[in-house]
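Engineer: In case you want the letters, here they are:
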Amino acid sequence: MKLLETHRAEIETIVARYASKRSAVLPLLYLAQDTYGYLTDEAIREVATILELPPTDVYEVVGFYTLFYNRPVGTWVLQVCDDVPCCYCGAEELIAALKQTLGISEDETTPDGMFTLQRVKCLAACDRAPVLQANLDYVYDVTPDRVQTLLNDLRARAAEARKRGVSGRFAEDYEFTRDGRLVQIERFAPYRPREFVIEPPAPVSSPPPSVVPEADAGLDRADTRKASPL
Amino acid sequence: MGLSEHIVMRELDIPDIADFEVYRRHGGWEAYRYALTEKTPADIVQMVKDSGLRGRGGAGFPTGIKWGFLPKGVYPRYLLCNCDESEPGTFNNHQIIDRNPHQLIEGVALSAYAIEANTAYIYMRGEFAAAARALEQAIAQAYAAGFLGKNILGTGFDLDIYIHRGAGAYICGEETALMESLEGKIGQPRLKPPFPAVAGLYGKPTIINNVETLANVPRIVEKGVAWYRSHGTEKSPGTKCFSLSGHVNRPGNYELPFGVPLRELIESPEYGGGMKGGRPVKIIIPGGASAPWLTADHLDVPLDYESIAAAGSMLGSGAVIVLNDTVSAPHLAYKMDEFFKHESCGKCTPCREGTHWLVRTLHRMVEDGHATAADIDTLHSIYRQMAGNCFCLLGESAVMPIKSALQLFPSEFEALVKRSGKSNGHHIPLVAHH
Ligand SMILES: Cc1cc2nc3c(=O)[nH]c(=O)nc-3n(C[C@H](O)[C@H](O)[C@H](O)COP(=O)(O)O)c2cc1C
Ligand code: SF4
Ligand code: FES
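Quick note, the sequences are listed as chains A and B, same order. Heads up: the first sequence begins at 1 in the working numbering, then just goes up one per residue. Heads up: the second sequence begins at 1 in the working numbering, then just goes up one per residue.
There's no promise every hint is true.
If you anchor each label on the Cβ, the simulated ranges turn out as follows [what the hints assert, rightly or not]:
{"#": "1", "chain 1": "A", "residue 1": "A19", "chain 2": "B", "residue 2": "N151", "range": "31 to 41 Å"}
{"#": "2", "chain 1": "B", "residue 1": "G312", "chain 2": "A", "residue 2": "L4", "range": "36 to 46 Å"}
{"#": "3", "chain 1": "A", "residue 1": "I198", "chain 2": "B", "residue 2": "K235", "range": "32 to 42 Å"}
{"#": "4", "chain 1": "A", "residue 1": "Q100", "chain 2": "B", "residue 2": "E270", "range": "51 to 61 Å"}
{"#": "5", "chain 1": "A", "residue 1": "I198", "chain 2": "B", "residue 2": "K72", "range": "35 to 45 Å"}
{"#": "6", "chain 1": "B", "residue 1": "A42", "chain 2": "A", "residue 2": "E60", "range": "39 to 49 Å"}
{"#": "7", "chain 1": "A", "residue 1": "R8", "chain 2": "B", "residue 2": "P193", "range": "39 to 49 Å"}
{"#": "8", "chain 1": "A", "residue 1": "L4", "chain 2": "B", "residue 2": "R352", "range": "36 to 46 Å"}
{"#": "9", "chain 1": "B", "residue 1": "G388", "chain 2": "A", "residue 2": "E5", "range": "47 to 57 Å"}
{"#": "10", "chain 1": "B", "residue 1": "A42", "chain 2": "A", "residue 2": "P200", "range": "32 to 42 Å"}
{"#": "11", "chain 1": "B", "residue 1": "E234", "chain 2": "A", "residue 2": "Y36", "range": "18 to 28 Å"}
{"#": "12", "chain 1": "A", "residue 1": "I198", "chain 2": "B", "residue 2": "G156", "range": "55 to 65 Å"}
Sample of chain A residues lacking proximity to chain B, with all beta carbon distances greater than 10 Å (derived) [to be verified]:
{"#": "13", "residue": "A9"}
{"#": "14", "residue": "S23"}
{"#": "15", "residue": "Y36"}
{"#": "16", "residue": "P54"}
{"#": "17", "residue": "G103"}
{"#": "18", "residue": "K121"}
{"#": "19", "residue": "Q133"}
{"#": "20", "residue": "R146"}
{"#": "21", "residue": "D153"}
{"#": "22", "residue": "R155"}
{"#": "23", "residue": "A161"}
{"#": "24", "residue": "S167"}
{"#": "25", "residue": "G180"}
{"#": "26", "residue": "R181"}
No wet-lab data here; the hints were simulated from the structure. These figures come from a predicted structure and were not determined experimentally. Idealized CB from N, CA, C, for every residue including glycine.
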């Protein structure tokens, strides 16, 4: 009963918000995930006990939602958006750079337990592509050349125990400035319009660069083939 | 055709409006005070009806009319603010909660008063973690100022607003799935009817509206119906925060009156700033992943519900994704349907199986480079079996990308087949043998 011992008051406040105890299952699973590190059987059963639910109901919820982890994850879970439009705005290059730098593939964790890499769907920040979340902290405008800066910063934060749980209970958002510095976004700070680098028009005759598989893909891609989605 | 004053994205006019005191100084919470002390809930419902405000969450349903569906005399009632915002290309709710949070909270409070609800939940996608923390603070400021809680402003009206974080599931943006999720269950949609206004959260009458919809309400009450209707078109009054993304020079949210032509949004130096590198527009998805595709032929279509529908698409969430000629239509359909497959809740067969087979077929054709002529027929056959047969709109939406791609760019699929035939003589079976 680790969760109840450490967070009793918070749990009572959460449960009081709803007409039915069961409604507290998502917030409590977040809390349990941070308390236990990930959703162990013990964690899931404790949530079930607190909310007077059959454990199977809680297991079902854990299985349905992608932000719950029922196996160990790295200190930092890096979730890169590879959806449309990000996939046409540098997401694939970012994922490739992360894979190369970390030496892991998607859904793997580095041997030192520091980073887990995942592809995720649209993060509602498509204008800031390439974009990722590190333990649900947004990081905007992560171009491949900024990967090292980001990873160094995350390692430093872990070393100083400034890492936050994987559930985002203490999340902050970050962005890269135009000169490549990683800065925390100040909440409620005055709005400043973004500055854009306008790409000059290319000569009209230039053929479309092959950013994505063209209609004639496949021919030379056989060796770089991705695993079948199943 | 820019706005002299923004209705929702007021951070452009008042950069520090995210500060509670600044919001107050600019009339913040006064519409609410006025409503509570001088107007009945029915008066507010009437005002919203007269304003012609339409839901910004996708369907464009008139908000005041929706509120009018609540059964008389049945309590408690709930107000839900839908901040699940997970449709690819959509990111305006995100900016509203980050940049003008107090107007959203006032909108939630005012709307709760109008529909006589004493509890409101803001359901935020789990990824909006930092934003949820900030919004909690903003709500706490409203409590401290006496705008929330018990016997507000001495009027006898009680209201609590809570934030509820989802945990990663696009389907929870669908209104009934959201209610299931809020009740602590997996996010699978409910059969309608009964509609939420009659039996929603915990089986009680419930109104659910999008963040942008609710953020409009304080301005309608503050400035009046005539002022509001002086923006936009007769049938789509007001403004829309368009989320512009893709291969434009200046991606971002732009609040414009309904009816602005697509071309202006994409090309104006104040908004999209034209296409990156001057490349031509190939595909425009005007309303998020669920909207049928448009092309460069549609650049002069006005951005309002009716005109976009007449052009064969839908305005949806107002997420305008603009892609250039480097993008392959089959690849785009593959990526889009991969999204829907990933997010299918698995409740009904046409969507669960249909998205699965679409993605498998497209994956083999696009990523593996093995395509046969029969695959094109298979794709047609799969989406036809899905269309009209899915339990909710997610499955129906998954039809759009592949249908659009096949209709608008058939030659690209044929080219896949031709190239594949050259590189590989034999057909790779669809079902993998392990
Ligand atoms: C699959 C699916 C996902 C949806 N996601 C959202 C969403 O993230 N936000 C939203 O406001 N509406 C979403 N909707 C629409 C809601 O069901 C609902 O119509 C809307 O919240 C009503 O608010 P409005 O009247 O203010 O537009 C979604 C609908 C479907 C079918
Ligand atoms: S259409 Fe898809 S998302 Fe909707 S109920 Fe069926 S399986 Fe679930
Ligand atoms: S597609 Fe990546 S944030 Fe929207």
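Engineer: Okay, which hints does this one fail, numbers in order?
Structural biologist: 1, 2, 4, 5, 10, 11, 14, 18, 19, 24
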